[in-house]
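**Student:** Spelled out from the first residue to the last, the chains are:
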Amino acid sequence: MKFRVERDVLADAVAWAARSLPVRPSVPVLAGLLIQAGDEGLVLSTFDYETSARATLAAEVTDDGTVLVSGRLLADITRSLPNKPVEMTLEGSRVSLVCGSARFTLQTLPVEDYPTLPQMPTATGTARSDAFAHAVAQAVTAAGRDDMLPVLTGVRIEIDGSTISLLATDRFRLSQGELEWSPNTPDESLAALIPAKVLADTAKSLTAGSDVTIALAASGQGDGIIGFEGAANGGTRRTTTRLLDGEFPKVRSLFPNEHLTIAKIEKAALIESVKRVSLVAERNTAVQLAFSDGVLTLDAGSGDEAQASESIEADIDGGDIVTGFNPQFLLDGLGAIDQSTVQLAFTQASKPVVMSGVVPEGDDDPGFRYLLMPRRLLS
Amino acid sequence: MSAVPPGAEPRGEDACTILHVDMDAFYASVVIRDHPELRSRPVVVAGGNERGVILCATYPARAYGVHSAMPVARARRLCPDLVVVSPDFGAFAQVSTAVLDAFARVTPEVEALSQEEAFLDVRGSRRHAGRPREIAERLRAQIHDEQRITCSVGMAATRSVAKLASRRAKPDGIAAIPPEDVTRVLAPLDAGDLWGVGEKTRDRLRRIGLETVGDLVATPLALLQATLGQSAGAHVHALAHGRDPGGPSPKFAAHERARSMGADRTLEADLSSYDDVLVELLRLTVKVTSRMRGSGFAARVVTVRLRYPDRTTVTRSRTLADPSDVTHDLYAAVVGIYDEQCGRDGGVRAVRLVGVRVSGLQRSAGLQPQLRLGEPDRGWSDADRAVDRVRERFGKHAVSPATLLG
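Here the protein sequences come in this chain order: A and B. Going by my numbering, the first residue of the first sequence is number 1, and it counts up by one from there. Going by my numbering, the first residue of the second sequence is number 1, and it counts up by one from there.
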């Protein structure tokens, strides 16, 4: 194997593929990054049996061939190289990497032990890459991180024709977002539960090209995996990941049917105020929100310790209400909302609040909702 | 109440503003109170069966050389007439809470060391509660009247000396060691009698010829530090001089900061099925959580202990996102820990001891629990409290999880 490649193109592709390398590989070869050199340039691959990454890039290939080298090390090296063409050559059981006057020699790992990457399922449709990354980032704010409840560490996507819904919950809050896309079949109807962390990383890393292809096999085919592909600097990037098993809870019915108090507040002011007041909130306590007479009063802390209080303007429609939330959960929700004015809709103090952005007259509602359960206040 | 001239330093017993109150043979006293027919018999409170360990022995039992932490089987050899009683943690918690309340009426500066002993700082209580000895006498009378158990009180200017004094007061008495007597009284004591000097430290001191507290007082700080290390040396030096290593006025942690609660069970026969282990874990979780609720605490950390037939022990913990006193929540964590351990062991291993412990305790009264989506208004927490009330009234077997029946 022998090839010559642009430093930036290589570094970019290696860094991207190395993201999904396992930290503690169950078998040593999984720490490897597979380099295949052929007529169409290079293919770089990593795989940990859950998630695979595959990057293609243009290169001047002199000799075809395949090698497996330590992915982490190759990523560190390529990131640090001077801005000159890179030449890699297989010499016996080692690979030499030359860039300008810098020269590295790397041990190879046995290619024959490396597992075969899963097939990408057939493409189901495409979405705009920035819209996709944005919708995913909003959705994952509510995803669980507790490995004891694996189902809740996923984002459920529901495809219904030209709309993809994204749902995530950690039992304390729930995010629900929507994304318009172009399915290959107009009446496509599919659902899948995708590990939230992989989905978030992937969506964020595929914004270089304008579109992302989503490939999800209908149930019973494709062995429960989903694939994403996008364009990048000099090639393509493709990730597959295994779907989570288990039944995602029926969450849509959790949205209350009626609202007794609706408050509209300037988002930036509310975020600042929550941050300030929560400085004195002890762990596992609430920031109290009291809505009355066009004013939202925030309180935190206890009489035994420090206390804080602050009032901000609010456009309140409906009865007075006093409730309280985990300040971080509240900030997560506010941070996920795009609009500059937020709407908080309540039924009663012990029921969830529905948070959404106030969409300016004439604009489309992007449909993002964040449902948050309160903390029970001391009475 | 006698007045002190303003500005005068209190002396003698009046300088003994730290009280160490220690229930006499606490668990056993509570049991005897409820079973007066056992009053003159040698009684021990011990976990369930012959492989169990003694938690507390009455004074008649102690006369046979029986003491806590001794296996029941060995105690029986020492004292064939031994009466073994199972602990009633609900009753212990009730007494303990009532006693702590009595303390709190004297001073807010209460540091509970366990269910049965606490330090009281009565420096600021002079005006409303009287001189230290008056306070001590009144507390003893009150606890005896209200709880029908006895306690002993050690009085001193520091916690470490108060702790030594209460030992001299036992059983059912008061002993004071005023500052001017500290050196004389402590000098003949074995170094190991000092609170916080364990066996290892004692052995190291012996190796350089230091046996009594008097020996320690005569030893320069630098030598103690060379032998025990900087901080341990300073620690022992302070203790020997009757000072508290934390300084003269340690901040009294409120008794909210009690450290942990737990229950262990050594099994009559090793358990080798997954379901049987879970049943035992549930039994212990129910026990610990009802005790915890009885004393008004919620926990943030759950620890499971398993001992295998080869006597190796594993201890694994899990931290909850939110403190809880709900049996259901804590049991879910217990099961999670056990499942993970089975994964690590490559399957279900036989166990001879299981234990459940909760720590990171906080007063549940101050909690603002994070509610869950779709949770009914009245949830597991209310169910637990209802069960606790039924058990309080009709006994602990009146209501149990169905898995624990039969």
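Any given hint could turn out to be false.
[Unchecked claim] Which residues of chain B face chain A? A few of them, derived with a C-beta cut under 8 Å, are:
#: 1; residue: PRO179
#: 2; residue: VAL326
#: 3; residue: GLY336
#: 4; residue: GLY366
#: 5; residue: LEU367
#: 6; residue: ASP384
Honestly, the hints are just simulated from the structure, not real lab data. Bear in mind the structure is a predicted one, so any value in this text is a computation, not a measurement. Ideal Cβ placement from N, Cα and C applies to all residues, glycine included.
**Student:** Hints broken by the structure, by number, lowest first?
**Tutor:** Per hint list: 1, 2, 6 violated.
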